[in-house]
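**Student:** In case you want the letters, here they are:
Protein chains: 2
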Amino acid sequence: MEQLKQKIRTCGVVLSDKVLKVDAFLNHQIDPLLMQQIGHEFAERFRDQGITKIVTIEASGIAPAVMAGLELGVPVIFARKHQSLTLTDNLLTAAVYSFTKQVESTIAVSTRHLDASDRVLIIDDFLANGKAAKGLISIIQQAGASIAGLGIVIEKSFQNGRQELEADGFRVESLARIQSLENGQVSFVE
Amino acid sequence: MEQLKQKIRTCGVVLSDKVLKVDAFLNHQIDPLLMQQIGHEFAERFRDQGITKIVTIEASGIAPAVMAGLELGVPVIFARKHQSLTLTDNLLTAAVYSFTKQVESTIAVSTRHLDASDRVLIIDDFLANGKAAKGLISIIQQAGASIAGLGIVIEKSFQNGRQELEADGFRVESLARIQSLENGQVSFVE
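Order-wise, the sequence lines are chains L and D.
Each residue of the first sequence is one higher than the one before, counting from 800 in this note's numbering.
Each residue of the second sequence is one higher than the one before, counting from 800 in this note's numbering.
I should point out that these hints are in silico values taken from the structure, not numbers from a laboratory.
A few of these clues could be false.
The list makes no distinction among identical chains, and a pair is therefore deemed to hold if it is satisfied within one copy or across any two copies.
DSSO-like cross-link-like pairs, simulated, lysine-lysine; straight-line CA separation at most 30 Å [said to hold, decoys possible]:
1) K900 / K806
2) K933 / K900
3) K900 / K930
The structure presented is a predicted model; accordingly, all values stated were derived computationally and were not measured.
With the sequences and hints as input, model every part of the structure.
**Tutor:** As structure tokens, this is what we get:
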């Protein structure tokens with residue numbers, strides 16, 4: 800997706816060979832128009848898949864997921880990382896290790912909002928080693944719902960997340976695929 | 800805002816005299832179309848205010864804030880509650896006590912994205928005792944930016960948040976104002 804790649808080139812900051820900072824438009828400050836374009840692109844790629852629900856994780860997945868949900872006309876669920884007084888239902892949970900935060904956390908989705916009749920599109924901001932994606936997949940499978948695929952904003956293609964997800968039979972659609980962050984430079988998969 | 804009140808009546812769950820659960824459309828599962836309508840309403844109420852930036856808090860403020868940002872054509876910043884490897888700038892911080900989570904946390908915004916030239920609209924999902932709002936106000940004032948007002952999705956008018964914010968001179972626009980949750984019933988301020 801060219802607008803996204805252009806934004807990464809102009810506003811992304813390479814912090815190390817593995818870490819790309821995109822807090823100018825995705826992870827802290829959000830560019831709403833770019834999110835709308837991203838939502839449109841996800842919707843285009845999965846429009847024929849009978850999606851009934853989008854599932855993402857708080858916090859940075861929410862903006863692109865809601866824009867895709869608006870365009871597909873389906874609700875969005877964001878998995879919670881932190882306990883809340885008002886999230887008191889029976890919960891579907893999975894353990895997820897976060898590379899960028901270097902902690903393991905439990906993500907949770909209420910059984911009220913997901914069931915075996917659902918066909919789910921997973922959306923997330925980053926795909927690296929696939930830990931978050933696998934946590935979401937586990938939760939959706941516990942609910943008995945089917946998975947149409949994963950829509951990823953930025954894929955670090957030099958890590959093994961896509962490879963493992965595809966080996967498990969999942970369709971992965973990433974809007975920007977980063978081949979390398981070496982020497983402080985972003986290069987994309989062609 | 801009538802669509803919002805209707806949604807609260809049909810999908811809100813009163814957990815106690817003080818706690819309203821809206822995780823069917825705002826706090827866990829999100830209704831994207833309702834968020835678009837909410838964003839439109841906030842934009843209408845603040846369109847003449849020269850807003851340059853919207854500031855909210857992760858996670859439930861993000862969806863309404865991004866929809867308002869799309870309509871006003873301005874970026875959205877969400878204050879972070881949790882440390883991240885990629886949020887390494889100089890940070891503006893404030894301590895916030897969360898009633899629903901019963902913990903004190905530090906919220907943070909990078910100095911990169913907010914400065915004295917900004918005129919800010921604060922958006923949040925709930926206003927109760929105003930602790931989160933005051934944390935955001937502190938951060939925005941530390942940046943030297945001016946505050947056009949606060950856009951709140953659901954106000955618990957039986958708590959003192961609005962009163963205190965208005966006493967401090969801030970404009971508060973709430974789309975649904977709840978007078979009482981007593982006897983398991985939602986009643987709105989007329």
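**Student:** If the cut is 30 Å between Cα atoms, do K933 and K900 qualify within a copy, between copies, both or neither?
**Tutor:** both (17 Å within a copy, 27 Å between copies)
**Student:** For K900 vs K930, is the C-alpha pair at or below 30 Å within one copy, between two copies, both, or neither?
**Tutor:** both (13 Å within a copy, 26 Å between copies)
**Student:** 30 Å Cα cut-off: does K900 pair with K806 within a copy, between copies, both or neither?
**Tutor:** Classified as within: same-chain Cα gap 24 Å, cross-chain 36 Å, threshold 30 Å.
Of the numbered hints listed earlier, not one is contradicted by the structure.
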